[in-house]
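Novice: Modelling step: build the complete structure from the supplied sequences, incorporating the hints.
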Amino acid sequence: MPTAETEIETLANREYKWGFISDIEADEAPPGLNEEVIRFISHKKSEPAWMLQWRLKAYRHWLTMTEPNWAMVHHAPIDYQATIYYSAPKPKLKSLDEVDPELMKIYEKLGVPLKERAALLGVEQQPSVAVDAVFDSVSVATTFKKTLAEKGIIFCSFSEAVKEHPDLVQKYMGSVVPYSDNFFATLNSAVFTDGSFCYIPKGVKCPMELSTYFRINARNTGQFERTLIIADEGASVSYLEGCTAPMRDENQLHAAVVELVALDNASIKYSTVQNWYPGDKDGKGGIYNFVTKRGACRGRASKISWTQVETGSAITWKYPSCILQGDDSIGEFYSVALTNHRQQADTGTKMIHIGKNTRSTIVSKGISAGKGQNCYRGLVKILKGATNSRNYTQCDSLLLGDKCGAHTVPYIEVRNTTSRAEHEASTSKIGEDQLFYCKSRGISLEDAISMIVSGFCKEVFRELPMEFAVEAQKLLGVSLEGSVG
Amino acid sequence: MAFLEISNLHARVAAPGGRDILRGVNLSINAGEVHAIMGKNGSGKSTLVQVLAGRETYEVTDGSVTYDGKNLLELSAEERAREGVFLAFQYPVEIPGVSTSYFLKAAVNAVRKHHGEPEINTVAFLKLVKEKMALLKMDQSFMNRAVNEGFSGGEKKRNEIFQMAVCDPRLALMDETDSGLDIDALKVVANGANSLRGPDRAILIVTHYQRLLNYIEPNFVHVMMDGRIVKTGDKNLALELEERGYDWVEQAVQTVGT
Numbered sequence: 000m001p002t003a004e005t006e007i008e009t010l011a012n013r014e015y016k017w018g019f020i021s022d023i024e025a026d027e028a029p030p031g032l033n034e035e036v037i038r039f040i041s042h043k044k045s046e047p048a049w050m051l052q053w054r055l056k057a058y059r060h061w062l063t064m065t066e067p068n069w070a071m072v073h074h075a076p077i078d079y080q081a082t083i084y085y086s087a088p089k090p091k092l093k094s095l096d097e098v099d100p101e102l103m104k105i106y107e108k109l110g111v112p113l114k115e116r117a118a119l120l121g122v123e124q125q126p127s128v129a130v131d132a133v134f135d136s137v138s139v140a141t142t143f144k145k146t147l148a149e150k151g152i153i154f155c156s157f158s159e160a161v162k163e164h165p166d167l168v169q170k171y172m173g174s175v176v177p178y179s180d181n182f183f184a185t186l187n188s189a190v191f192t193d194g195s196f197c198y199i200p201k202g203v204k205c206p207m208e209l210s211t212y213f214r215i216n217a218r219n220t221g222q223f224e225r226t227l228i229i230a231d232e233g234a235s236v237s238y239l240e241g242c243t244a245p246m247r248d249e250n251q252l253h254a255a256v257v258e259l260v261a262l263d264n265a266s267i268k269y270s271t272v273q274n275w276y277p278g279d280k281d282g283k284g285g286i287y288n289f290v291t292k293r294g295a296c297r298g299r300a301s302k303i304s305w306t307q308v309e310t311g312s313a314i315t316w317k318y319p320s321c322i323l324q325g326d327d328s329i330g331e332f333y334s335v336a337l338t339n340h341r342q343q344a345d346t347g348t349k350m351i352h353i354g355k356n357t358r359s360t361i362v363s364k365g366i367s368a369g370k371g372q373n374c375y376r377g378l379v380k381i382l383k384g385a386t387n388s389r390n391y392t393q394c395d396s397l398l399l400g401d402k403c404g405a406h407t408v409p410y411i412e413v414r415n416t417t418s419r420a421e422h423e424a425s426t427s428k429i430g431e432d433q434l435f436y437c438k439s440r441g442i443s444l445e446d447a448i449s450m451i452v453s454g455f456c457k458e459v460f461r462e463l464p465m466e467f468a469v470e471a472q473k474l475l476g477v478s479l480e481g482s483v484g
Numbered sequence: 000m001a002f003l004e005i006s007n008l009h010a011r012v013a014a015p016g017g018r019d020i021l022r023g024v025n026l027s028i029n030a031g032e033v034h035a036i037m038g039k040n041g042s043g044k045s046t047l048v049q050v051l052a053g054r055e056t057y058e059v060t061d062g063s064v065t066y067d068g069k070n071l072l073e074l075s076a077e078e079r080a081r082e083g084v085f086l087a088f089q090y091p092v093e094i095p096g097v098s099t100s101y102f103l104k105a106a107v108n109a110v111r112k113h114h115g116e117p118e119i120n121t122v123a124f125l126k127l128v129k130e131k132m133a134l135l136k137m138d139q140s141f142m143n144r145a146v147n148e149g150f151s152g153g154e155k156k157r158n159e160i161f162q163m164a165v166c167d168p169r170l171a172l173m174d175e176t177d178s179g180l181d182i183d184a185l186k187v188v189a190n191g192a193n194s195l196r197g198p199d200r201a202i203l204i205v206t207h208y209q210r211l212l213n214y215i216e217p218n219f220v221h222v223m224m225d226g227r228i229v230k231t232g233d234k235n236l237a238l239e240l241e242e243r244g245y246d247w248v249e250q251a252v253q254t255v256g257t
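Those sequence lines, one after another, are chains A and B.
The opening residue of the first sequence carries number 0 in numbering that gives the first Met the number 0; numbering runs sequentially from there.
The opening residue of the second sequence carries number 0 in numbering that gives the first Met the number 0; numbering runs sequentially from there.
Each hint should be verified, as a subset may be incorrect.
[Claimed, not checked] For lysine to aspartate or glutamate, the following DMTMM-like pairs were computed, each having C-alpha atoms within a straight-line distance of at most 25 Å:
hint : chain 1 : residue 1 : chain 2 : residue 2
1    : B       : Lys112    : A       : Asp446
2    : A       : Lys370    : A       : Glu421
3    : A       : Lys370    : B       : Glu55
4    : B       : Lys155    : A       : Asp446
5    : B       : Lys104    : A       : Glu470
6    : A       : Lys402    : B       : Glu93
7    : A       : Lys473    : B       : Glu154
8    : B       : Lys230    : B       : Glu241
9    : A       : Lys428    : B       : Glu58
10   : B       : Lys155    : B       : Glu93
11   : A       : Lys370    : A       : Asp327
12   : B       : Lys155    : A       : Asp432
13   : B       : Lys104    : A       : Asp446
14   : B       : Lys39     : B       : Glu249
15   : A       : Lys457    : B       : Glu118
16   : A       : Lys428    : B       : Glu154
17   : A       : Lys457    : B       : Glu148
18   : B       : Lys104    : A       : Glu423
19   : A       : Lys383    : A       : Glu470
20   : A       : Lys349    : A       : Asp432
[Stated by the list, open to error] Which bits of chain A does chain B cover? Going by a derived footprint, with three or more residues having C-beta under 8 Å, they are:
hint : region
21   : 422-432
22   : 436-450
No lab work stands behind these hints: they were computed from the structure.
Cβ coordinates follow ideal geometry from the N, Cα and C atoms, glycine included.
Specialist: Set out below in structure tokens:
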């Protein structure tokens, strides 16, 4: 199809529009990782002694570990000594009013609503979203804290929580992802810089969506954020996470840890629209996204849902998981992962059924384009005591063009005879005949691809909070431009 | 000037070493007319209508096509559709995840946008769709189903004519719409096609069987052979072909020479 190819090539291969680099003065640690750097980080954050001790314990353990290499991703070895582990925009900020106007401009450009919009409540008829903005290693601002505090809800940066709510942090941090869990989580435990902390008290349904917006800016730095969300008995919260980074030739490491805890009858919905810089067409540059996300459904009838749209990163390695401890608890995972050009993704989930009558649902949609490689790796583990439990897994792959790849590696372990695990998988491609069919009705090539891909992702988009769903669809469209072959 | 003027059209499969399929097609269709093309398998009938619709798996190597005074070959497939060319496919494809309702609305709006008209509002769209569904005796429920997904062969063909009725084209190209239809479905489909007749429009039907032409009476019937139109007659030619087959046409062409 010579004409179709030229048509596709001339389609504007839109630039990663968040790739702008901002000149912000930063306070940085020297590159390299050793106890000095860790003490430096802890000191910069004015952390209590117990926090420093925890970091050092993790660091010493990290030195004994080796990087895992079982994932279906290939990359040059990471030089952990060449990375800068702390970079914060100067000067230190106390309130939203003191935020560097340059920074404010950046967030405005990114479309992140930082200024409080109390006045628009009611007029816009849209519930407001509380935002915690994290720029490189620090949380820059958190909005709506007062409004939330009235309900007893704590939503602040992780660093602040360490100082203001040490009891909660000490109780729950590391209880879902222990410091020794895996190579990257251990590294994170040693050098984590900032992230969000959220606690919803008993019986409270959080009245607005909470969100954190992550932006990596400084070069040669790694970003190691740590997020902890706790929903106490009967509480519920919906949390959104958005991520972007500038276009650079070097790879940057992003190794985050997210821990969620849901007690009796509580529910947490965690949505991510991830658009880290994916590297250029030849695979140069781009973020390495190695993330450990885990939710513990500790309480009876508790529920944790992960919804993600991953379009960025040169390499993605993440498995948001649920540990279904409480009887009748529910775990869900809805994901759209896109790999284009030379991106590689090895992503999936783990659903561990421990309690009785537990349910899990997995819907994974992988879209591969260009020379992208997409691998779904999932584990459904139903332990002996998890009687009468059920899992439903649907794993669909869409291939655009003939140079990309889609792989599926499902693991299913069921250790009792009263439970049920269902797994369905499909692989398809957007055929020239489907595109021609759309064109023959007057629909443009771009709209046709967008329509077909959205149709493919419908089940996942349906789970996203509305603002995110619209953004996600647009993002998918942008990421796919020039990809059909 | 004819509404559709095809002159010495040559086309081949657009791939290295691709076969020549159309070898000099000449055809003139005036507004208000219905033409039928018949011919053996492999004669190029389907290819002709697909080339007219702008399918890129075929490459035009010579000749010209003028549609409503415009150079049709210069326009992309979607532009042709927006100018009122509609192809009812021989093998309609499935589009999972995209509801027929969504798809059709997008099509209608694409044409409207092209003509500088505002997008159709939901109420008007539903009314239009309901009217055409009644015409084609289709069930409401299928609008929410994904395009052609799980449709039987006959349902797919009916869906093509339904879409055609909604899109209201000026040049309707029907590619073997009748294959796979029972008599009742055939009548319904013919009804739908007939509703599109008009003094400012034209219909080109590709078919193997004379039967459909009982219900959609053509002004002209052409026989296609080896990529060319070799004989033209009125509706009686179709009856003659049904009775005698194509051999006598082949022989006549061979004795006369090209």
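Novice: Hints broken by the structure, by number, lowest first?
Specialist: 2, 7, 11, 18, 19, 20
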